[in-house]
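**Student:** Listed here are the chains, written in short residue letters.
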Amino acid sequence: MSKVSLENVCKNFGNVEAVSCFYLDVEDKEFLVLLGPSGCGKSTTLRMIAGLEELTEGNIYIGDKLVNDMPPRDRDIAMVFQDYALYPHMTVYHNMAFGLKLRKFPRTEIEQRVKEAADILGIQDLLERKPRELSGGQRQRVAVGRAIVRKPAVFLFDEPLSNLDAKLRGQMRAELSKLHDQLKTTIIYVTHDQVEAMTMGTKIVIMNEGIIHQVGSPMEIYDYPVNKFVGGFIGSPGMNFLSAKIVSEKSRLYVDTGGFQLLIPSKKNSFLESKTDQEVILGIRPEHIQDAVFTDETSITDSFKAVVEVVETLGAEVQLNVVSGEHDLIARVDPRTKAARHQEIELAVNMEKIHIFETEPPNERVKTEE
Amino acid sequence: MVTIASTVNGRSSPGILSRLKSRRYAAYWMVLPLVILIAGLVVYPFVYSVYLSFENKAETKFVGLKNYKRLLNYKTFWLVTGNSFRFTLTAVFFKATLGLILALILNNLPFGGQRIWRGVSLIPWVMPLALSSMGWWWIFEPTHSAINWIIVQFGGTPKPWLSDPFWARVSCIVTNIWFGTPFFMIMYLAGLKSIPESLYEAAQIDGARALQRFRYVTFPMLSKLIGITVMFSTIVTFANFDIVRILTRGGPRYTTHLFGTYAFNIGIESGHLPRGSAVALFMFPVLGLAAFFILRNIARGEE
Ligand SMILES: Nc1ncnc2c1ncn2[C@@H]1O[C@H](COP(=O)(O)OP(=O)(O)OP(=O)(O)O)[C@@H](O)[C@H]1O
Ligand SMILES: [Mg+2]
Numbered sequence: 001m002s003k004v005s006l007e008n009v010c011k012n013f014g015n016v017e018a019v020s021c022f023y024l025d026v027e028d029k030e031f032l033v034l035l036g037p038s039g040c041g042k043s044t045t046l047r048m049i050a051g052l053e054e055l056t057e058g059n060i061y062i063g064d065k066l067v068n069d070m071p072p073r074d075r076d077i078a079m080v081f082q083d084y085a086l087y088p089h090m091t092v093y094h095n096m097a098f099g100l101k102l103r104k105f106p107r108t109e110i111e112q113r114v115k116e117a118a119d120i121l122g123i124q125d126l127l128e129r130k131p132r133e134l135s136g137g138q139r140q141r142v143a144v145g146r147a148i149v150r151k152p153a154v155f156l157f158d159e160p161l162s163n164l165d166a167k168l169r170g171q172m173r174a175e176l177s178k179l180h181d182q183l184k185t186t187i188i189y190v191t192h193d194q195v196e197a198m199t200m201g202t203k204i205v206i207m208n209e210g211i212i213h214q215v216g217s218p219m220e221i222y223d224y225p226v227n228k229f230v231g232g233f234i235g236s237p238g239m240n241f242l243s244a245k246i247v248s249e250k251s252r253l254y255v256d257t258g259g260f261q262l263l264i265p266s267k268k269n270s271f272l273e274s275k276t277d278q279e280v281i282l283g284i285r286p287e288h289i290q291d292a293v294f295t296d297e298t299s300i301t302d303s304f305k306a307v308v309e310v311v312e313t314l315g316a317e318v319q320l321n322v323v324s325g326e327h328d329l330i331a332r333v334d335p336r337t338k339a340a341r342h343q344e345i346e347l348a349v350n351m352e353k354i355h356i357f358e359t360e361p362p363n364e365r366v367k368t369e370e
Numbered sequence: 001m002v003t004i005a006s007t008v009n010g011r012s013s014p015g016i017l018s019r020l021k022s023r024r025y026a027a028y029w030m031v032l033p034l035v036i037l038i039a040g041l042v043v044y045p046f047v048y049s050v051y052l053s054f055e056n057k058a059e060t061k062f063v064g065l066k067n068y069k070r071l072l073n074y075k076t077f078w079l080v081t082g083n084s085f086r087f088t089l090t091a092v093f094f095k096a097t098l099g100l101i102l103a104l105i106l107n108n109l110p111f112g113g114q115r116i117w118r119g120v121s122l123i124p125w126v127m128p129l130a131l132s133s134m135g136w137w138w139i140f141e142p143t144h145s146a147i148n149w150i151i152v153q154f155g156g157t158p159k160p161w162l163s164d165p166f167w168a169r170v171s172c173i174v175t176n177i178w179f180g181t182p183f184f185m186i187m188y189l190a191g192l193k194s195i196p197e198s199l200y201e202a203a204q205i206d207g208a209r210a211l212q213r214f215r216y217v218t219f220p221m222l223s224k225l226i227g228i229t230v231m232f233s234t235i236v237t238f239a240n241f242d243i244v245r246i247l248t249r250g251g252p253r254y255t256t257h258l259f260g261t262y263a264f265n266i267g268i269e270s271g272h273l274p275r276g277s278a279v280a281l282f283m284f285p286v287l288g289l290a291a292f293f294i295l296r297n298i299a300r301g302e303e
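Chains as they are written, first to last, in our numbering: chain B, 1 to 370; chain V, 1 to 303.
Each hint should be verified, as a subset may be incorrect.
Stated by the list, open to error - Between beta-carbon pairs, the in silico distance windows are:
| hint | chain 1 | residue 1 | chain 2 | residue 2 | range |
| --- | --- | --- | --- | --- | --- |
| 1 | V | Leu131 | B | Thr56 | 46 to 54 Å |
| 2 | B | Tyr224 | V | Ile116 | 52 to 60 Å |
| 3 | V | Arg296 | B | Thr56 | 49 to 57 Å |
| 4 | B | Asn15 | V | Met134 | 46 to 54 Å |
| 5 | V | Pro110 | B | Glu317 | 54 to 62 Å |
| 6 | B | Asn15 | V | Ile116 | 22 to 30 Å |
| 7 | B | Pro71 | V | Pro196 | 14 to 22 Å |
| 8 | B | Asp328 | V | Lys224 | 56 to 64 Å |
To be verified - Just a few of them, taken from the derived set where beta-carbon distance is under 8 Å, the chain V residues facing chain B:
| hint | residue |
| --- | --- |
| 9 | Pro196 |
| 10 | Gln204 |
| 11 | Asp206 |
To be clear, the hints were calculated from the coordinates, so they are not data collected in a lab. Glycine included, C-beta positions come from ideal geometry on N, C-alpha and C.
Kindly produce the complete structure, drawing on both the sequences and the hints.
**Tutor:** Structural data, given as structure tokens:
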């Protein structure tokens, strides 16, 4: 059992509130990702779990044990640091064996475990080298190896891929996911990269400025962001936000952006009626704006006209920066589009996928379906 | 562009002026003043003292290795040799150990206090050694000794600090430790600062307690620096002059003389300059060896 529970945990550095009090349960064998922009308190949270940072308030349980006053070595955790923190004067073998040696494992067992880990990570040939003789990707593997030989209850990763180039990062993402399947332990993983979060996490925690905004599966967070921050943070390019108003005409509801009006699907009416004549923020993901000529027939759409400013061909799709009235929008459309610079285009919005947010902070999402 | 032009120029007319302009030679010209300075201040006196050590007392006749041979037959010379090694080994050991302990303590102080204490603890080192040796002389000095006064206050019996061979040696070594420890401390402190915090955190998670973190992280990370610092200090300590000269003048009965003070004693005070030179030159192998290890270590560090 390696469930991790954080109860009302918070952290202040002097007067600076780095992490506001929160509750969080990490289930056994879960791959939990703490995701948020730089400085939001992800590392601080992770370090509190590791025991490297004292709690200002609250309780942390690992398994069923209260670990508040337990030093890191007794917490049955292993951590991979952003800069890897390999011991420069030790060979790869000794880096990996160090934790076991301190725990007085018999030599044969140490050798066997290091070999096992090296096999999993493909670093058998590097065992006699010193860290400075390794590439970034190899160092990263050794750091992971040092963590897995200990077979801890919980793995903690602090942005382990941020020092790698894009290609290697993609590769390591896949390997870490695979590793999670193999090891079947709980992983808590910190990153500011939403792609890492979406591809590896079984559960994502979105943080900003020391506050947890949302906890959910990757798809939940993508489809139902609780507020404007989460909506804008997840997805690339980010969600389009337009200030708008809900208007009612002949018992139909529209969202009116000033420049254009979009018909709200009738099944959402019951949720939005109360907002009639109120200011809201309309959120549309770029992938939900299509060239009207090439929409898929199955979804309910409504269209508006806009002028194309930039056309970026990405191969599988085309990204358009368009202007409609006072609004700038980004759309990702079918590559067959005839869109050209400075020309008018008709764009179709998938109205089932739109999000309505409150104008008042914290800009919560207005519920539009069950 | 200019360089290319002048190289071309240099090739067509190999006059000294155009050679001077070419980059390769310009480099030599630029280091020339330093070479002359070093030659004048180091090489010349060294060569001259070697030459001198082969002469007789009146510096009128070349006597070959006679000065060296005579020294090797002096009991006093062997006493001085023993003194020098004992002084150096003991002083360097304590300076290195105390310096490390102080550096560790200082490094764990909160930032503000650390700056103040770092400044304070450098004072012994920045004070001119001759001056601070005078201060220590006052502390040990027989009639007004501060230490003896304290001992008496606590009901003990005063000690003849500078006239008993054992205590005189201790006094010289203590003074040297007091003077040299800050150098070690500041070097180690810089070394400690360069060890990334995350290594300690990784070690903590790996299960290392404080002492194990020192043994497996701090010490190996500092070992190269410790080696260089110890060798450096060995050279300076071995060649020490001021402390013994001021505290004991080598006494009682030569028991605190070091090579430096003994050379002065023979060469200047007894007026046998060539033999004094020979004494000083006996230091050369030890210093040369230490310098060799330092340079080798530095060269390795750069790999
Ligand atoms: N030791 C410290 N003393 C004071 N403030 C700190 C300390 N450590 C972190 N902070 C502050 O706490 C906040 C959260 O820091 P944290 O390192 O957890 O951010 P992060 O989400 O990991 O960011 P990044 O993605 O840049 O690593 C920041 O505002 C930071 O300045
Ligand atoms: Mg961080």
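**Student:** So, for every hint listed, does it hold in this structure?
**Tutor:** Tested hints:
In this structure the supplied range 46 to 54 Å holds for leucine 131 (chain V) paired with threonine 56 (chain B), their Cβ-Cβ distance being about 52 Å. One distance hint, 52 to 60 Å for the beta-carbon pair tyrosine 224 (chain B) and isoleucine 116 (chain V), holds here, with the actual separation near 56 Å. In this structure the supplied range 49 to 57 Å holds for arginine 296 (chain V) paired with threonine 56 (chain B), their Cβ-Cβ distance being about 51 Å. For asparagine 15 (chain B) and methionine 134 (chain V), the hinted distance range of 46 to 54 Å is satisfied, since their beta carbons lie about 51 Å from each other.
Between proline 110 (chain V) and glutamate 317 (chain B) the CB atoms are about 56 Å apart, so this pair conforms to the stated range of 54 to 62 Å. For the pair asparagine 15 (chain B) and isoleucine 116 (chain V), the beta carbons lie near 24 Å from each other, so the given range of 22 to 30 Å is met. A hinted range of 14 to 22 Å holds for the C-beta pair proline 71 (chain B) and proline 196 (chain V), which are about 20 Å apart. The hinted range of 56 to 64 Å is satisfied by aspartate 328 (chain B) and lysine 224 (chain V), whose Cβ atoms lie roughly 58 Å apart.
Residue-level restraint check for proline 196 (chain V) holds (minimum Cβ-Cβ distance to chain B is 7 Å; threshold 8 Å). Using the Cβ-Cβ criterion of 8 Å, the hint placing glutamine 204 (chain V) at the interface with chain B is satisfied: the shortest such distance is roughly 5 Å. Hint on aspartate 206 (chain V) holds. Least Cβ distance to chain B is approximately 4 Å, under the 8 Å limit.
Of the numbered hints given earlier, the model fails none.
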